[in-house]
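J.: Spelled out, the chains give:
There are 2 protein chains.
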Amino acid sequence: MAEAGKAAEPAKAATSMRSLERAIDVLEVLDASHHALRLTEIARRAGLAVATTQRILGVLEARGRVERDANGYRPGVGLIFGAHAYLTSSPLLTAARPVLQDLASATGLTASLFKRLGWSRVVLARVAGDSPLRYELPIGERLPLHLGAGKALAAHMDPAELDEFLAQLDDHTLADGTTLDRDDFLAELKLIRERGYSQARGEREPGMASVAAPVVDADGTATAAVQVTGAQADIPTERIPELGLELQRAALAIARRAY
Amino acid sequence: MAEAGKAAEPAKAATSMRSLERAIDVLEVLDASHHALRLTEIARRAGLAVATTQRILGVLEARGRVERDANGYRPGVGLIFGAHAYLTSSPLLTAARPVLQDLASATGLTASLFKRLGWSRVVLARVAGDSPLRYELPIGERLPLHLGAGKALAAHMDPAELDEFLAQLDDHTLADGTTLDRDDFLAELKLIRERGYSQARGEREPGMASVAAPVVDADGTATAAVQVTGAQADIPTERIPELGLELQRAALAIARRAY
DNA sequence: GAGACTTCACCACTGTGTGGAAGGATGGCC
DNA sequence: GGCCATCCTTCCACACAGTGGTGAAGTCTC
Chain H
-17 MAEAGKAAEP AKAATSMRSL ERAIDVLEVL DASHHALRLT EIARRAGLAV
33 ATTQRILGVL EARGRVERDA NGYRPGVGLI FGAHAYLTSS PLLTAARPVL
83 QDLASATGLT ASLFKRLGWS RVVLARVAGD SPLRYELPIG ERLPLHLGAG
133 KALAAHMDPA ELDEFLAQLD DHTLADGTTL DRDDFLAELK LIRERGYSQA
183 RGEREPGMAS VAAPVVDADG TATAAVQVTG AQADIPTERI PELGLELQRA
233 ALAIARRAY
Chain Y
-17 MAEAGKAAEP AKAATSMRSL ERAIDVLEVL DASHHALRLT EIARRAGLAV
33 ATTQRILGVL EARGRVERDA NGYRPGVGLI FGAHAYLTSS PLLTAARPVL
83 QDLASATGLT ASLFKRLGWS RVVLARVAGD SPLRYELPIG ERLPLHLGAG
133 KALAAHMDPA ELDEFLAQLD DHTLADGTTL DRDDFLAELK LIRERGYSQA
183 RGEREPGMAS VAAPVVDADG TATAAVQVTG AQADIPTERI PELGLELQRA
233 ALAIARRAY
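Respectively, the protein sequence lines represent chains H and Y.
The letter at position 84 of the first sequence is residue 66 when you use my numbering, and the numbering goes up by one with no holes.
The letter at position 245 of the second sequence is residue 227 when you use my numbering, and the numbering goes up by one with no holes.
Quick caveat, the hints were computed from the structure, so don't treat them as lab data.
Hints are not guaranteed to be accurate.
The list treats identical chains as one, so a pair stands whether inside a single copy or across any two.
Only pairs whose alpha carbons sit at most 20 Å apart, straight line, appear in this in silico SDA-like list of lysine to any residue [claimed, not checked]:
no. : residue 1 : residue 2
1   : 172       : 187
2   : 97        : 124
3   : 172       : 75
4   : 97        : 235
Please build the complete structure, drawing on both the sequences and the hints.
T.: Below, the structure is given as structure tokens:
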């Protein structure tokens, strides 16, 4: 059991602390759905007995981690604190913020930092370049690892992990419709590793382009990456090597301050 | 036992699901501290046995809700999802966003929405007046209920609750150093209730002023509030009644759409 | 290199968390 | 208006998950 259906996570370790584990499952079900869910539905998705699910939700609600109305349960305000605490206490982020600022003003593009989590990446910070509008809270958004700047992270997975990753990716397609060819993909990752930065044009969002470099931590693993994005017109091919270099510098600066 | 030391929460209900309850305690300890904590310290603050605490932290770490390095444990990236899910799925927020936008451009001030949680309030959304919104670290910030716009919420607590609130407030002081006088405070709350909006000048932040109105939900309780803030010079006393009216309109608009 | 501090692994006991089933509540349909 | 289908809630007895003491292994300080 325990299969959430998304298959978006690396293997789940068996552990003691069943109830806690299950509570987190419930929370993840809620986080994944974009609208309110009814008790029965949550129980089904989490693979739990209804009574158990209800008990868990009860506690979570009492603690403000979950809210409910006539339509069912939704994530609750209490969750905000955790995020706020993370955003203010993470050394990675405090290190990255000024660097992103510099990157954005130096290049005129939008600079962002994201971090790997499971088989996806999360946007942790973003600084818009000059183009003022960039409405909304991309922070916390979950993006794929195999598209756009995600490749900078995929390129630095160790082989075993990469296999596992590709295995669960098989049925994905790029935004323009083309299917992902395994060999091409591996070749590109190799190139990224050699060059030290990744680039993408219209992969995740049509008309957009991006360049990204991995931030390697003390262990030498790449769990985060810096990125600049802009309209394809603003990132002509000949500008890419220069941007790549600048991103590597930025990544290094972040790593040095954070770890 | 169970006393976290902060006394910042209303009475904790006794419950089944001990382990989950304790896990949340641990998370709250981490959320409250602005730097990494060691295992022993967390155990102490949460009032738990070290072994227990370690088991909990182990699970949380495996699930990305907690991170750790040589200095101890910190909140983890996983927490971001919850917040993102809340910010995108909350009907209150989707209802409020456009209203805040309007408020900000109509008044030229900064408009924000916050919600009550325990004995404090949390900033949920903020739209800066003229300058297009920079990204919002303030989101998730925890502010007092008895200062500035918090009074709009305090004014609508029921008497029993208000008593409890005042009891745990006794040793607080205003930003300018003056102590809170209970009778004055109650009188002000009464005025706020009658007028429908609250105002403050230099209470929480010197030189700043604010006007706020409560958003009442379906049950008639005020759990959220809208607010505009600006320099004292931008909010002269004669402008306040007009602003108050506008805020009440905004609050009503939000309530209608959200509930 | 001794001392003080951590964190970690182990294990026997007991009380917590479990899930099935039965009782209410609600809503849609004929 | 009555019937059926869903969903939510409450209750209970059992099993096993969670507990916390203890001692070993690790790490930093002076």
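J.: Which hint numbers does the structure go against, in order from smallest to largest?
T.: 1 and 3
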